[in-house]
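Sequence order for the protein chains is A and B.
In this text, residue positions in the first sequence follow our numbering: the first is 7, and each later residue adds one.
In this text, residue positions in the second sequence follow our numbering: the first is 57, and each later residue adds one.
The hints are simulated quantities; they were obtained by calculation from the structure and are not laboratory data.
Values in this document were obtained by computation on a predicted structure and should not be read as measured data.
The beta-carbon is built from N, C-alpha and C at its ideal position, and this holds for glycine as well.
Don't take each hint at face value.
[Claimed, not checked] Pairwise CB distance ranges (calculated): (1) B:E98 <-> A:Q284: 53 to 63 Å; (2) B:E98 <-> A:R47: 48 to 58 Å; (3) B:A95 <-> A:E118: 11 to 21 Å.
[Stated by the list, open to error] Listed below are several chain A residues computed to face chain B (Cβ distance under 7 Å; list not exhaustive): (4) G150; (5) S154; (6) L155; (7) T158; (8) P162; (9) E204; (10) I214; (11) G215; (12) F279.
The chain contents come next:
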Amino acid sequence: MQFTLKRKSEEASSEGVKSHFEAAIIGAGPAGLTAAIYLGRSKIDAVIFEKMVPGGYIVSTDWIENYPGFPDGISGEELGELFEKQSSKFGVRTENVEVTGVNFKARPMIVETMDGSYTASAIIVATGTKSKKLGVPGEEELIGKGISLCATCDAPFFEGEDIVVVGAGNSGIQESLYLSKFARSIRIIEFLDHPTAERILLDRIKEIGKIELLLSHRVTRFIGDDRLTQVEVEKRDFNQKRVLDVKGAFIYVGLVPNTGFLKGSIDMDKEGFIKTNQELKSSKEGVFAAGDVRITPLRQVATAIGDGALAAFKVRQYLEGR
Amino acid sequence: MKVLVYTSSSCPYCKKVKNFLREHGVTFKEINLNFHRSAAKELKEKTGQTGVPVILAGNYKIIGFDENKLRRILKIK
């Protein structure tokens with residue numbers, strides 16, 4: 007954890023407030039860490055809150071090949087560490103604590119954490135996303151007992167086993183490639199009649215004989231008492247159900263935003279993604295959103311980086327124009 | 057109390073547990089399943105778990121990063 011020696015722009019006035027900052031970034035993924043680099047270099051007194059470890063969702067991504075600057079690819083974990091190393095050079099203070107609530111109506115605004123409250127004149131929400139679950143019977147009970155949302159975390163448990171991966175988007179296919187180093191066989195279950203992953207990834211799974219694509223199918227149930235033993239799947243349109251004997255299931259069916267702590271304090275869509283304008287301003291003055299957490303047509307490291315830079319730039323303009 | 061922490065290389069909750077234990081001066085032994093692949097099978101048989109982190113502290117088993125449970129069992133204030 008790094009502590010800045012820079013001046014505090016304003017003293018905390020409210021009782022019980024630990025510190026005041028000109029800007030607060032919530033979330034230390036690619037967008038948040040990029041914003042920290044830009045704010046730090048502008049000598050803006052800022053803090054970044056992270057409840058887990060810096061790097062965000064990418065730290066549990068096996069391999070990233072579409073982020074420029076790494077022609078041979080790089081593991082998500084290593085890329086996250088490099089982002090953190092670079093951002094920590096510029097003096098933004100890191101608080102390794104969970105943000106539990108906000109008050110965007112107060113001025114300065116209030117950020118509540120497990121360790122107390124902070125105030126800030128501008129805020130960037132960059133809390134990213136987490137894996138979406140299927141919401142079918144048996145899922146909740148068997149997570150950690152055969153069902154996993156993180157291949158790079160849990161793959162060693164499935165050495166020599168038959169498993170399924172749900173979802174044939176980029177994440178599902180990329181993580182299937184990683185899982186193929188452990189599992190005996192992999193069936194990828196996709197609801198659509200075609201996979202949506204990049205062609206380069208699809209070509210790779212063809213090269214690995216043990217991966218089979220099961221298109222136009224959806225999972226209807228996970229079965230097992232204390233461990234996953236079977237997955238029930240249904241063929242779309244034909245209503246035909248069958249049961250696959252498996253020991254593991256990895257779920258990659260999309261993302262949900264980490265916006266629960268905002269409790270509806272800014273405009274969001276039905277799923278909880280934050281509405282922003284082109285300048286990444288949210289519906290509340292002084293609050294910006296960057297990266298995967300906002301409504302955006304593409305959620306990639308490259309797009310999050312751009313968002314982080316733009317949000318920090320707009321925060322700087324906002325603070326200067328007050 | 058002997059503390060064993062089962063981890064894997066890319067698991068963010070594993071890092072969170074290790075950081076927490078180090079911060080509070082708890083000595084522990086780490087078993088990274090990426091480097092000890094047979095340990096995954098043993099752990100699965102012993103605990104029924106197919107996810108990390110798993111922390112074995114004396115006779116207690118803690119699944120995931122559960123700060124309250126860690127504090128209670130390891131007597132961390």
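Any hints this thing doesn't respect? Which numbers, in order? Hints 3, 6, 9, 10, 11, 12 contradicted; others consistent.
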